[in-house]
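Chemist: In case you want the letters, here they are:
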Amino acid sequence: MTLSVNGCERVVPLGTTLAALLAELQLDPLMIVVEHNRTILRDRDRFATRTLGDGDTLELVHFVGGG
Amino acid sequence: MAVAAEAATDTPCVIAGREFRSRLMVGTGKYASPAQMLRAIEASGAEVVTVAVRRVDLDRGKEEGILYHLDPNQYFLLANTAGCFTADETIRYARLARAAGFNEWVKLEVIGDQETLLPDTSATIEATRVLAGEGFKVMAYTNDDLITALRLEDAGAVAVMPLASPIGSGLGMLNPYTIRTIKHRLHCPIIVDAGVGTASDACIVMEQGVDGVLMNTGIAAASDPVRMAYAMRQAVDAGRQAYLAGRMPRREIAVPSSPLTGMLDA
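As you go down the protein sequences, you meet chains D and H in turn. Under this note's numbering, the first residue of the first sequence is numbered 1, with each subsequent residue one higher. Under this note's numbering, the first residue of the second sequence is numbered 68, with each subsequent residue one higher.
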């Protein structure tokens, strides 16, 4: 299935969970914030059970230097 | 030394019931390296440091994430909404920042013009009202306009942050009168944000009686950012003390400091 991750298309196996996607991207869940189909996920404990679907949109953001 | 220490007493900077140990707040952008940024922040003595919310760059790796360099237990992370041009976009960024899990504070910026980076004040008021209603502690960046500042306080801002001059301009404070008026009329803390270019600018800002000052480029774009950070720290302290001391009245005539009597015959 195809996801949109930070504006780029990404093909992942059917049934991929959010936790699995982050692991593949080598991202520490504690260091980022995830917005899934425009919903901000505040509970990181649920990443493991959050299944992604074809056409889903994910935004993965973090803090960077700024004024 | 005892007299000097006594003379230097000041009440802490309190915003929304939280005490901050420094009246100088600093940004984390534009440094040559994370190491330089850290040394500059340390030299500034700041507790509040601002950060921006951006997409993780999946090609370049995670190292640009500031949490890999900045200890959130040592500094108070104040997320900004820099780069946002609408109230809705700003609200989305603020919610993302809060979900990072550090605090519910946000430095709200809604930019109204790409060239000057001046704020969209009506959108800022709108976003402030929404976010304050959601429990955010909103520190609202705005221009040096009293009416907007009053509206922001009414909308629930815990601090109002008028600019000294445009973001990144280094022009210093262009209108001390309006800054003083805003400080005089509002009840919430006033933190001047943007435009400070060198230590004397920071000192003059603090001499107006505002509660604090926030800067980024003034430190980061100096030839020696660490030294400038230290200079800013001293300037903020000096300006604050001068305000508390109460300056002498300005007058356009000279008044001698030495006695007029006791002079020798010519």
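Worth double-checking, as some hints may not be accurate.
Covered stretches of chain D (chain H as the covering partner; in silico rule of three or more C-beta atoms under 8 Å from a C-beta of chain H) [said to hold, decoys possible]:
hint, region
1, 12–19
2, 55–62
So the derived list for chain H, only partly shown, Cβ under 10 Å to chain D, looks like this [as the list claims (entries may be wrong)]:
hint, residue
3, K97
4, D278
5, M282
6, M315
The set of hints was computed from the structure by calculation and includes no laboratory data. Cβ coordinates follow ideal geometry from the N, Cα and C atoms, glycine included.
Chemist: Hints first: check each against the structure and report whether it holds.
Modeler: Hints, verified against the model:
1. Restraint check on the region 12–19 of chain D versus chain H: 0 residues with Cβ-Cβ distances below 8 Å, three needed, restraint violated.
2. Residues of the region 55–62 of chain D lying with their CB closer than 8 Å to a CB of chain H number 4, which satisfies the three-residue condition for coverage.
3. For H:K97, the interface hint holds, the least distance from its beta-carbon to any beta-carbon of chain D being 7 Å, beneath 10 Å.
4. Hint status for H:D278 relative to chain D: violated, with the closest Cβ pair at about 19 Å, above 10 Å.
5. Using the Cβ-Cβ criterion of 10 Å, the hint placing H:M282 at the interface with chain D is satisfied: the shortest such distance is roughly 8 Å.
6. Using the Cβ-Cβ criterion of 10 Å, the hint placing H:M315 at the interface with chain D is not satisfied: the shortest such distance is roughly 35 Å.
Of the numbered hints stated above, those contradicted by the structure are hints 1, 4, 6, listed in ascending order.
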